[in-house]
Amino acid sequence: DAKTTQPPSMDCAEGRAANLPCNHSTISGNEYVYWYRQIHSQGPQYIIHGLKNNETNEMASLIITEDRKSSTLILPHATLRDTAVYYCIVRVGRAGTASKLTFGTGTRLQVTL
Amino acid sequence: DGGITQSPKYLFRKEGQNVTLSCEQNLNHDAMYWYRQDPGQGLRLIYYSQIVNDFQKGDIAEGYSVSREKKESFPLTVTSAQKNPTAFYLCASVEYRDDLAGRQFFGPGTRLTVL
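Protein chains in written order, with the numbering used here: chain A, 1 to 113; chain B, 1 to 115.
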């Protein structure tokens, strides 16, 4: 699976959009981009994933560049409850095999008043 | 309400004792996983199981053992051979679909402290 690079920390004012970048320059054509977040002392929570098209759900939007070498997770109106560590992971989508995920150290997002 | 449960939330043990962490899921997922997390670090894979009665070592399996006798249960035993067992342990499961192969559902975790 491709390796990802994320900034170690970011700040965002409450109510503003939080844009979290991820670099995955070695991504292969069949690898999906997944985003998880982990609030302190809890299990990670799935946020969103995509292959090549931009995706949006009730939690966030995922923008993947045309060459797929980087992506951005967007939290449109960050709240204090969004303070967490955000992990970007790339994973081959292949059912029938163990979906081993490699969690790096992620980006620590601090939302402030 | 479907999900993954882990018990207990906090666990204290004396050095040299084996301890078993519970993980149960009612999501009907085939695959289950155990991760370990140390302070300020990412998650590291201990063991995983794709089907009942089958499991494979992850990246840091030494000092741990697992069993998978039922689809919904995947207990982890931390043995006395694990040199530094104090950590946050997370269990997860996943559905078998190509487009969801990376969407793991995590339990709330068990924080183990060895005194």
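The set of hints was computed from the structure by calculation and includes no laboratory data.
You may find that some hints are simply not true.
[Claimed, not checked] Quick list of in silico lysine-lysine cross-link-like pairs, PhoX-like style, CA-CA up to 20 Å:
no., chain 1, residue 1, chain 2, residue 2
1, A, K100, B, K57
2, B, K71, A, K100
3, B, K83, B, K57
4, B, K83, B, K14
5, B, K70, B, K57
[What the hints assert, rightly or not] Just the calculated beta-carbon pair ranges, DEER-fashion:
no., chain 1, residue 1, chain 2, residue 2, range
6, B, I51, A, N57, 46 to 52 Å
7, B, Q17, A, A17, 37 to 43 Å
8, A, L51, B, D59, 23 to 29 Å
[As the list claims (entries may be wrong)] With the C-beta cut set under 8 Å, the calculated list includes, among others, these residues of chain A facing chain B:
no., residue
9, P8
10, C12
11, S28
12, G29
13, Y32
14, Y34
15, I39
16, Q42
17, G43
18, I47
19, H49
20, R68
21, K100
22, F103
Every value quoted in this text rests on a predicted model; they were computed, and no experiment measured them.
Note that beta-carbon positions come from the ideal geometry of N, C-alpha and C, so glycine has one too.
Evaluation of the provided hints:
1. Of the supplied pair hints, the one linking A:K100 and B:K57 holds, its CA atoms being roughly 11 Å apart against a limit of 20 Å.
2. Restraint check for B:K71 and A:K100: the C-alpha separation of about 18 Å stays at or below 20 Å, so the hint holds.
3. For the hint linking B:K83 to B:K57, the alpha-carbon distance of about 17 Å falls within 20 Å, and the restraint holds.
4. With a CA separation close to 13 Å, the supplied pair B:K83 and B:K14 stays within the 20 Å bound.
5. Of the supplied pair hints, the one linking B:K70 and B:K57 holds, its CA atoms being roughly 18 Å apart against a limit of 20 Å.
6. For the pair B:I51 and A:N57, the supplied restraint of 46 to 52 Å is violated, since their beta-carbon distance comes to about 30 Å.
7. Hint check: B:Q17 to A:A17, Cβ distance near 49 Å, so the stated range 37 to 43 Å is violated.
8. Taking 23 to 29 Å as the suggested C-beta distance range, the pair A:L51 and B:D59 conforms, at roughly 26 Å.
9. Look at A:P8: its Cβ only gets to about 10 Å from chain B, farther than 8 Å, so that hint breaks.
10. Interface hint status for A:C12: violated, as the beta-carbon distance to the closest one in chain B is roughly 21 Å, over 8 Å.
11. Taking 8 Å as the C-beta contact cut-off toward chain B, the hint placing A:S28 at the interface is violated, the least distance being around 14 Å.
12. For A:G29, the shortest C-beta to C-beta distance to chain B is roughly 14 Å, which exceeds 8 Å, and the interface hint is violated.
13. Because the beta carbon of A:Y32 sits about 6 Å from the nearest beta carbon in chain B, less than 8 Å, this interface hint is met.
14. The beta carbon of A:Y34 comes within 4 Å of a beta carbon in chain B, closer than 8 Å, and the hint placing it at the interface holds.
15. Because the closest C-beta pair between A:I39 and chain B is about 11 Å apart, greater than 8 Å, the hint is violated.
16. Annotation: interface hint on A:Q42 holds; nearest CB of chain B at approximately 6 Å, less than 8 Å.
17. The restraint placing A:G43 at the interface with chain B holds, with a minimum CB-CB distance near 3 Å, inside the 8 Å limit.
18. Annotation: A:I47 was flagged as interfacial toward chain B, and the flag is violated, the nearest CB pair being 10 Å apart, outside 8 Å.
19. Interface restraint check for A:H49: the shortest CB-CB distance to chain B comes to about 6 Å, inside 8 Å, so the restraint holds.
20. Interface restraint check for A:R68: the shortest CB-CB distance to chain B comes to about 15 Å, outside 8 Å, so the restraint is violated.
21. Interface restraint check: A:K100 against chain B, minimum CB-CB distance 6 Å, threshold 8 Å, status holds.
22. Interface restraint check for A:F103: the shortest CB-CB distance to chain B comes to about 4 Å, inside 8 Å, so the restraint holds.
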